[in-house]
Amino acid sequence: MTLDLIPLAILMGLVTYPSRAIPLLVSQFGRLPRPALIYLRLVGPAVLAALAAVNTMVVDTDPGLPRAYAFQVGIQWLGVIACLAIVARWKNLLAGIVVGLAIVAGARLLGWA
Amino acid sequence: MDGLGIIATASGFGFVYGLAARTAGFSPIEASGMSLIVFAGAAQFAAVGYVAGGFSWLGIVLLTAFLNARHLLYSAALAPWYADRPKVERAAMAHLLTDEAFALTITHFRRLGHRDRWGYWFAAVVTTWIPWNVSTIAGVVVGGAVPDPNQFGLDIVFPAAMAGLAVALVSGRRELAAAIVGAVVGVAVSVAWDPAIGIIAGGLGGPLVAMAMPGPPMTELHADAPMPFGDIPLEEAIHDPARSPGP
Chain H
1 MTLDLIPLAI LMGLVTYPSR AIPLLVSQFG RLPRPALIYL RLVGPAVLAA
51 LAAVNTMVVD TDPGLPRAYA FQVGIQWLGV IACLAIVARW KNLLAGIVVG
101 LAIVAGARLL GWA
Chain P
1001 MDGLGIIATA SGFGFVYGLA ARTAGFSPIE ASGMSLIVFA GAAQFAAVGY
1051 VAGGFSWLGI VLLTAFLNAR HLLYSAALAP WYADRPKVER AAMAHLLTDE
1101 AFALTITHFR RLGHRDRWGY WFAAVVTTWI PWNVSTIAGV VVGGAVPDPN
1151 QFGLDIVFPA AMAGLAVALV SGRRELAAAI VGAVVGVAVS VAWDPAIGII
1201 AGGLGGPLVA MAMPGPPMTE LHADAPMPFG DIPLEEAIHD PARSPGP
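Keeping their order, the protein sequence lines are chains H and P. End of the first sequence sits at 113 in our numbering; the numbers just go up one at a time, nothing left out. End of the second sequence sits at 1247 in our numbering; the numbers just go up one at a time, nothing left out.
Looking at chain H on its own, in the form it has when it is part of the complex (with noise of 0.2 Å):
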């Protein structure tokens, strides 16, 4: 059983303790300039869709190879779609992953994709 990542999840840690703990902990917590707040509340949304898309449309054509990437279309997108309407009708994340993993399962065990 290996122990490798545990300092990546340590290095993590630290990256991410500062961001919750620093208005908590600093009385004198002060004023973030606006355009500063509301870019903060953006990167969430941008780095999440990104990360969804990305792992959605994008394949690496040949791991042999760098920069071997193309556009795909594929059965994904349908589950991915799936859970972005449940969650966004819903507000249910869970169901929501498990419609889009039915589908792309399904559809795999009979043989559509």
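No wet-lab data here; the hints were simulated from the structure. From a predicted model like this one, the values you see are computed outputs, not experimental measurements. Glycine included, each C-beta is placed from N, C-alpha and C at the ideal position.
Label-pair distances were calculated between CB atoms; the ranges are:
| id | chain 1 | residue 1 | chain 2 | residue 2 | range |
| --- | --- | --- | --- | --- | --- |
| 1 | P | Pro-1086 | H | Ala-36 | 26 to 34 Å |
| 2 | H | Pro-7 | P | Pro-1086 | 26 to 34 Å |
| 3 | P | Pro-1086 | H | Asp-4 | 35 to 43 Å |
Chain P regions said to be covered by chain H (calculated; three or more residues, Cβ under 8 Å):
| id | segment |
| --- | --- |
| 4 | 1092–1102 |
| 5 | 1180–1194 |
| 6 | 1201–1210 |
Assemble the complex: chain H is given as a structure, and chain P must be docked to it using the hints.
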């Protein structure tokens, strides 16, 4: 009832994280260690994807910092409610601060009209931390018994979860624009160059474009969102209880 929903979500999401981590080659201790130490679902899912893709630790850590920067806003919003509590307690609270804990706590306090000292701990520990860590262990253990996880669609779990979390963070035109631009830039740069660079480009470029858009006043945008000070400068909100959402 809100707490039950969060327990179900944290359990399901943690279980899937455990499965994904196992699939990516994490050992049970590594997967559980990440849940204990980082305790941030989106960043952990991202790390699983990046570790599986062989990306550098530096990139993973930078992405984690960006992904979790939103906690600054949650922390700032909770600060007025806990300003009179010992620093040790606030330091411990900080490690447990998540989207779910913040959402439950701020909703509960607003409903009550005053602070419930144990409300945060219930939201953070009972509904999120315990289910997340227990289900991580369950997922990573069961994951070892699944021969070909992708056959069951597990490769969709990560992007679906990211998309779902992104939707949950969209509360106005600007957030929507940031998400769309982030996705488009992310895919374009990924295809042209590299997914690691594409995601960072999308995450940084999306907000820049979105900020150029006219938006409604922040008081309208953030009535129930993680910047409850709305149009009130943070400093004033913290130091002027009458203008803050706090007690």
